[in-house]
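Chains A, B, C and D supply the protein sequences, listed in that same order.
So in UniProt numbering the end of the first sequence lands on 193, straight run, no missing numbers.
So in UniProt numbering the end of the second sequence lands on 1003, straight run, no missing numbers.
So in UniProt numbering the end of the third sequence lands on 414, straight run, no missing numbers.
So in UniProt numbering the end of the fourth sequence lands on 109, straight run, no missing numbers.
Check each hint, because a few of them may be wrong.
Unchecked claim - Computed list of lysine-lysine pairs in DSS-like fashion (alpha-carbon distance at most 30 Å, straight line): (1) B/Lys-133 to C/Lys-2; (2) D/Lys-90 to B/Lys-887; (3) C/Lys-267 to B/Lys-982; (4) B/Lys-133 to C/Lys-53; (5) B/Lys-889 to A/Lys-95; (6) B/Lys-684 to A/Lys-95; (7) C/Lys-144 to C/Lys-224; (8) C/Lys-144 to B/Lys-133; (9) C/Lys-2 to B/Lys-910.
Simulated from the structure, these hints should not be mistaken for laboratory data.
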Amino acid sequence: MSDAVSALKGASFDGLVRVEECGLQGMITLRGDLSNRAVAKAATSVSGQKMPGQNRANVAGESGICWMSPDELLVLVPYSEAGAAVEKMTATLGKVHSLAVNVSDARAVFRLSGPAARDVLAKLCPVDLSPEAFGPGQFRRTRLAQVPAAFWMDDAETFRIVCFRSVAQYVFDLLKAAAHPAAAVGYHTSVGG
Amino acid sequence: MSARIATQGRLIDRSKPITFTFNGKRLHGLQGDTLASALLANDQMLVGRSYKYHRPRGILASGAEEPNALMGLGEGGKFEPNQRATTTELYDGLTARSQNHWPSLEFDVGQVNAALSRFFPAGFYYKTFMWPKSFWEKVYEPVIRQAAGLGAVPKERDADTYEYFYAFTDILVIGGGVAGLQAAKAAAQTGAKVLVLEQTPHWGGRAPVDGGTVDGEPVEAFVERTVAELSAMENVTLRTRAMGAGVYDHGYALGYERLTDHAPLLAGPRHRLWRIRAKRIITATGAIERTLSFAGNDIPGVMLASAMRDYVVNYGVAPGQRVVIATNNDDAYRTAIALKQAGIEVLRVLDARNSGGGDLMRQAHEMGIRIDCGRAIARVKGAKRVTGVSVCAHDGEGGALEEVACDAVAMSGGWSPVVHLWSHCGGKLIWDETQAHFRPDPNRPPTGADGEGFVVPAGAANGELMLDAVLSDADAAGKLAAKAIGFKPKRGKVPQGAGPEEAPMMPVWLMPARATTALRNKAFLDYQNDVKVSDVQLAAQEGYESVEHTKRYTTLGMATDQGKIANINGLAILADSLNAPIPQVGTTTFRPPYTPISMGAIAGEARGEIFQPLRRTPMHDWHDENGADWEPVGHWRRPYAYVRPGESVHDAVMREVKNTREKLGLLDASTLGKLIVKGRDAGKFLDMLYTNMMSTLKPGKCRYGLMCSENGFLIDDGVVARIDEDTFLCHTTTGGADRIHAHMEEWLQCEWWDWQVYVANVTEQFAQIAVVGPNARKLLEKLGGMDVSKDALPFMEWRDGQLAGFDVRVYRISFSGELSYEIAVPACRGRAFWDLLLKEGAEFGVMPYGTEALHIMRAEKGFIMIGDETDGTVIPQDLGLHWAISKKKDDYLGKRAQQRSHMTDPNRWKLVGLETLDGSVLPDGAYAVAEGVNENGQRNVQGRVTSTYFSPTLGRGIAMGLVLHGPDRMGEVLEFPGTDGKAFKAKIVSPVFYDKDGEKQNV
Amino acid sequence: MKRYSAFAIAREALRYHTGWERAWTSPEPKRHYDVIIIGAGGHGLATAYYLGKNYGITNVAVLEKGWLGGGNTGRNTTIIRSNYLQDPSAAIYEKARALYEDLSQDLNYNLMFSPRGVMMLAQTHHEVRGYKRTAHANALQGVKTEWISPQRVKELVPIINIDGPRYPVLGALWQERGGTARHDAVAWGYARACSRMGMHIIQKCEVTGIRREGGKVAGVDTTKGPIDCNKLGLVVAGHSGVLAQMAGFRLPVESVALQALVSEPIKPCMDVVVMANTVHGYMSQSDKGEMVIGGGADGFNNYTQRGSFHHIEETVRALIETFPIISRLKMLRQWGGIVDMTGDRSPILSKTPVENIFINCGWGTGGFKSIPGSGWGFAQLMATGDSPLCRAFSLDRFKEGRFIDESVAAGVAH
Amino acid sequence: MLILQCPYCGIDAEETELAPGGEAHLKRHGPGSSDEDFHDYLFARENPRGVHFERWRHANGCGKWFHAARDTATLEVFGTYPAQTTEPPKEIRDAITARRPGWRWREFS
């Protein structure tokens, strides 16, 4: 759909790190018994990714599966495929007690990249972001300043952050402030780095 | 006089001169100076006025405990009052102003209080200013208030920014002196992750000034080496200009990092508030020297002995040329020696101990310093600066033995460990008889989530005052802390400290020991608040025996230094007055922060645009560009009305209502909550949540539902649509989505966990637009794509389909009484669809309307509004909503509550419509009066207005209200007094004012 | 006991104040009292005072496990107001406010009652409606309040930011005769007056048990031995649940931490008390010049007198938004108190399941302002068995669903 | 500033990720219950100075409700466990007994 636009239309900012809104991203909330094979199949078949363990995410580009809670997954697919994916999942799930719903438009996604990414995010989230405690493959739902958010790392210096669409501007402004060029911390990464 | 000297000054750079101003006077200092050292270098001994008596005050200390040298710093948006000169790093262009005097520091009218001080003892204000009564309010208090306060008021909005930082570490070390450094090293060597905070810009604390050697080399070398070693370790973070401000439950600690205070021109945040979670916290916060309580101990030029030493050694500043030193312990001899070495004349060391001290005394003696044992200061002479002292026997009443002319006095009353951070979270103290101070009680530490102690004191903060003991104690603390959280301490060798032998100190709480009343009346304990020995004694005499009583009655320890200087001395005087041992009298509670921290830092990044999240719908920008007068609803903003140029808000609302009723209106309804409820037991679940029967709703149909709390009160309402056999979509109010979602999850997880129901909040997935008015169908038919005729899509049904190529879900529901479609489209296309509706709707007179038009139209129809008709005390039965309360169900949340006697009371007020006789608009929240008054003399009432508007449709004021037996009293006239004396008369009518049979919405 | 006056001070000054007597005695407990009040905070002492003053009952002991006035009386933000919405609340708080007007003279102890005015800001349309409703109610309750415009707000509080981008000030509910008082002095003044009537205030005396005989109270066991009484009043904010347990009944009460903080003192800049409920903060300036700031309570049971720091952050944020200049002040001290929260957030002044045991608790955040009214009404209840001021606050209201809900008009009811 | 471990996602969540939910193990009384039972269910609360059982929601996290056993006087946490139970599991009660011998809470000990 040509006239579909993400909350901030791909806005970006360069400071201590690069902050960018990732644009449209397909997302499906899947609730069900994660040990149920149909539920797992529904998630893996549309995303092409393996089932993640507790507090983990398997993501490649625009496709992936994130562990949200013991009975909830967030399935990532390209935006344009979300509708079809939900139908396919629903079919796969059949009579199994579950819920698959398209939430692609309900969220905004940001990318935070650069050596200081951990330091910048640590200004906003009450989470241990040291490399020993958090790295690629892990997934965390938490509080980002005053709103709920979730994030994972694409690589050692890149976070992807998901929040609700309505607060996209707030989150972007927060990340900009935290990434102010003169606000380096040097806790997780030396100030020079 | 005080002045810069040619030698010493380990922290200053004599090649880098700095210019600053004090009370407008241009002065010069050096890179590395503190404002205090620079002022002293300029012979500025008078730096402020005390709070109560406006007595002249000079610099007393050299660190965080300074009670006197408080300044207004900076200009405009960067002005800040009450800054301590002793912890303010000097920078070029610094502007400082002294405080609490008028017209000037030198000549202060308030000083008259000092002359009358005898009439203002502790708590005098509790005993007077009561007659005549009116005088308190009209005369006394205004005068007292004008005299009150300390620093000037900032005038402009803060020009700086602030931020937080969440840090997680195994061990947090607070204090970067030799103890902190050694503790950090011992801990870090086990592999534990260590964070070290030091409040000053320098490592090593006071050890480099106090001297001694570590493993044979000077302390300074040890400090440099250790800092270098720590910096090289991956698992260690060192921060200077970062104060450990507070210790809280479960290992939470606050670090207060001052990033630009020393260089305000630097970009970036001014302060960073570290929110630290540590498994263990080591407090290596050192100790603070105590003053001696002798008459005139507050005259400018009287200084703590250690501070005087600091100014000489660190900054190359002589606080005086001819100095008398009074002490009860050996440490003061270090000052004597340092001064002498710097070429300053030391006239006397008056040692209250008859037997004097140890090595240091001998050393001083050998340098030719005169030492008088068993001697004390009877009183200090001088007004704005010291001119001399009277010397007396310490064990006496103060009869002068000789007068000594001098221009500075150093005093040392012994040392008190800084136990604040140990105590913040409940750590208890024990009294150390030999050193006469409180130290942490190792058996009663503050305990964490696991019930174990999580704070470990180290070095002087633990009561160890000798260099060697400090190092070994700190090393042990570091290892203990690491071991406690599962790290293996190495058996590394402990650095050996070496220093002179010291003789035991002798507690001196009053000097001389039996000082006369007149002398005690001039011996200060709390300098800033002007609390004297005599005040504490008075409090005890009057029965304010608890240390908390004394503190509050005399204001001892309540100044900006929070008793760092005064508490122990005051406590000892109190104990003495009560003939009780000091530990029995106890201490006051230590509360965070250790020293004051900026409100800006506490607020963090949350200011201006990011003060709070502002939730935006996909159409937010359009509203903003088209005159939206915003109304906050939770964190959302909704247009109250779209105001056009030349229009008042009221005009706009009237126009919007009229246009919607006559033509076509658009409402951004995206903020309404949308919850998907799915599962085999979904119907059963909703039957419990709503007062209505939802399980009987047919797929494709909608039903208005009410939700109550278990306590019976209405908490939300909205339209439920059944999507398929086991799926429902529940609409909530704008504020309600998250609340009701949580409410549903709570019951599913905590009560009915065996029911098969899943809930998902899809509120933000959709932009929802209400297309309302006689022309609504015309517009949708023009867009084309689905059949929106009455037969294909009747009232209170919904359909999925397409409109002009948009995937839509269309609900035939109406909150206005008009023909109305609520259309949900994916949020990412919401703005596009909105634009299209405006474009294509132009020919039908389309016009967006805001929340106020919405409210008026619903009121004209007699529809209730959660938050207006309900206020948390209203049940559905009050609102005539029986039709929405299922009789068939034997249970729903709130049903049992609604059976309680007060809920079934026939005298509960019930919903009716109200029409003023003259067509005017009833005031918001007005009450209908009844005859007489109640037992408490309050006028009886029989009803109240819940919402009231001017209805452009009916051309008159309309209102809804709750009235005693209202529905049975149609036509009766009630009186509603306004708050302006004007009374309104209104007739009880049906709450449905417009289209009573609902023909318009059902076409 | 000598009266306090300017003349007394002058007289004492000449002899360096060596002649002042004890403000209150600290006797050893007798074996029996007509009435025992547990808790020597403001409410307990005020109850004892009015038992003596209004009913001539002076064979009274007030037992305190710590030091008198050491609980919430000395830990609050000293605000006094009566602009409540519901009739029973308005009645007791206005009674208290009215008594405060003359209390210094009545007790011969200057409490520094300062009717500088209390304003509650309306920053949403919902609050506007709520406060206009309160103004109407107050007018009929005999509580003098008025609805004022943003301009008037600005005149009264020059440092306020009325056109804040997020929550502009839309007006305020203004009570001109609301204000503050010196909190410790309230306890001390009552204590001195009680002592003067021959009552016993026994500090450092903890109650360890409550003795009953045939469904009636017989006395209490304390760390200073057993003491008998005919009537017993429980007035121990924060610890009511624990004592109720001793007496054998449960209360609809939970104890949570409520925090406050003060800034360093600055010159007078705000001569009224301002409450901003939308953003959950309230602030006044003490006679010392400190900005006294309070906010919301913790949401979990807690007896530590230490709250969670994030509440302090939320409050400070909110107040900076409303009063931008305080951003450059510093927090001098923060502390917490333990408050009783009842099922409807309104107090309980009531008989109990045990005959002759009476309970006064659940003041939540409203304790200090109500002290004289609470003491007045509770003394009447204890002396006569009934009090119009207390009637609506009885324990049974929860069973009947007869709540007194003040959150109706204001988010937080401080 | 409490830290509680969410038994569902295993995260050591700090207080600002959590929402308190009051006393745990309340037995719901609906229509047909006596006034006393209903009153106690809604209002009568254990309010001990010591061992307490309470409900929390990992609101800014996995969203699950859970129970915590905590000392209200020291804030010591004895353990957390899922909400789908009507009484504290044995291991939690044992953990409390180990730290607070002789504790009682309602019918539990």
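Quick rundown of the hints versus the structure:
At most 30 Å may separate the alpha-carbon atoms for a hinted pair to count; B/Lys-133 and C/Lys-2 meet this at roughly 20 Å. Between D/Lys-90 and B/Lys-887 the alpha-carbon distance is near 43 Å, which puts this suggested pair outside the 30 Å criterion. For the proposed pair C/Lys-267 and B/Lys-982, the alpha carbon gap of about 42 Å is over 30 Å, so the pair is violated. With a C-alpha separation of about 21 Å, the suggested pairing of B/Lys-133 with C/Lys-53 holds against the 30 Å cut-off.
As the CA atoms of B/Lys-889 and A/Lys-95 are separated by approximately 28 Å, the hinted pair is consistent with the 30 Å bound. Pair hint B/Lys-684 plus A/Lys-95 holds up; C-alpha atoms about 19 Å apart against a cutoff of 30 Å. Restraint check: the Cα-Cα separation between C/Lys-144 and C/Lys-224 comes to about 47 Å, which exceeds 30 Å; the hinted pair is violated. Distance check on the hinted pair: C/Lys-144 and B/Lys-133 sit about 21 Å apart at the alpha-carbon level, within 30 Å; holds.
The suggested pairing of C/Lys-2 with B/Lys-910 is violated, with an alpha-carbon distance near 60 Å, which exceeds 30 Å.
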